[in-house]
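Chain B is fixed; fit chain L onto it per the hints.
For reference, the chains in residue letters:
There are 2 protein chains.
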Amino acid sequence: MRIAVLGTGMVGRALADRLDELGHEVAVGTRDVAGTLARTVPDGEVSYAAWQREHPSVRTETFAAAAAAAELVVNATGGTITLDALAAAGAANLAGKVLLDISVPLDFSKGFPPTLFVSGDDSLGERVQAAFPEARVVKALNTMNAEVMVRPALLGDDGHTVFVSGDDAEAKAVVTGLLTSFGHTDVLDLGDITTARGTEMLLPLWLRLMGALGTHVFNFKVVR
Amino acid sequence: MRIAVLGTGMVGRALADRLDELGHEVAVGTRDVAGTLARTVPDGEVSYAAWQREHPSVRTETFAAAAAAAELVVNATGGTITLDALAAAGAANLAGKVLLDISVPLDFSKGFPPTLFVSGDDSLGERVQAAFPEARVVKALNTMNAEVMVRPALLGDDGHTVFVSGDDAEAKAVVTGLLTSFGHTDVLDLGDITTARGTEMLLPLWLRLMGALGTHVFNFKVVR
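Sequence order for the protein chains is B and L. With full-length UniProt numbering applied, the first sequence closes on residue 224, and no number is skipped along the way. With full-length UniProt numbering applied, the second sequence closes on residue 224, and no number is skipped along the way.
Accuracy of the hints is not assured; some may be wrong.
Facing chain L, from chain B, some residues (calculated, C-beta under 7 Å) [claimed, not checked]:
(1) D121
(2) H160
(3) M210
(4) A212
(5) N219
Source of the hints: derived by calculation from the structure; they are not laboratory data. For each residue, glycine too, the CB sits at the ideal point set by N, CA and C.
One chain only, chain B, in its complex shape (with noise of 0.2 Å):
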């Protein structure tokens, strides 16, 4: 499938990287291509300069580029520049396409720990789908760290969690599909993309699990 990962921190290039080697046609959204493959500076494991040279088959695009070429658009920028980036990326080159919203709710701007921008009887994933009415919204994998998300083998073979919400059914379907194809073996549809509030409001939890265990390897089984 010809993939667009908005985005270039560490949950854009987990997905990016774990697409690519799945065999599907990566490109990778940013605001500013010359500058993104300018940064040498690590951020992450390595610079966004050397991610790209170890990954030559994903291509670094602006994001209207990397939607408009895309069947499916993945959105994996900050919480707080989501909108923005999609306006970007252009409401007409999203208009039909799945689109997996990733992103979090999280306001680091009075320190740590953050707090949620939007909770209670609203969601960011909502405010993506109400911007965008004719994407089709699937809220998902925002409730785990970049690398359980794409390589949830990581936790061992005893299984755990990833939820989907959306309004969508097909578009579920096709999200389901990917999540299986990273390795996920229990997806939980919790149903419309306000189900998004549930999962958005995990994140304080996650934080502090975060802290209490000392790792972000981790993830949410529900037990049933």
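The following block gives chain L in isolation, referenced to the frame of chain B:
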């Protein structure tokens, strides 16, 4: 141990039943003892009057009398009345005691799904600790159904997680012992009482899961 369970709903009864079964000396605390004992309409499996007949060794007392005689107090009242109920129990009767707080800050006044009336940079657990600074508050069990709280083996032998949050390490050790006696095998200490923000914000996801799974007999396991 002499234990007061404040609250006569499903959570209070489940706790009182299990603690009684385990040999503790249990008093259920309520605002109006005569009124509570006169409740003959089933709410839950049976009415309170019938439940009391089935539990002759459990006393039903005022919030204050139950708390005064107790070594450990369990707050199983609804979130919206928690601070009032604890005020009725009396700050002096809670001073120096372990206060296991199970309450959830759900507001059902606008229908389903309910919203949280405290969240973000505060929690009901913190409000309880702030209002009763001499109580040794431990937030726990607030992330699962009453049956699962007291009979975790209902979900099989694989184990699942119960979180504890609190400022007093000794109080958390006492609560951990109690949870272990219920059958919990994974008691995870998140840290101080501010970590209750995370577990209280898990409720919206819990409610959506109940809808998606069609059961309230499930729990989260932190796989790591």
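Going down the list of hints, with the structure as the test:
1. D121: Because about 6 Å separates D121/B from the closest Cβ in chain L, which is inside the 7 Å limit, the hint holds.
2. H160: holds (4 Å)
3. M210: The hint is violated - M210/B has no Cβ within 7 Å of chain L, the shortest such distance being about 10 Å.
4. A212: Cβ of A212/B sits 5 Å from chain L, so the hint holds.
5. N219: holds (5 Å)
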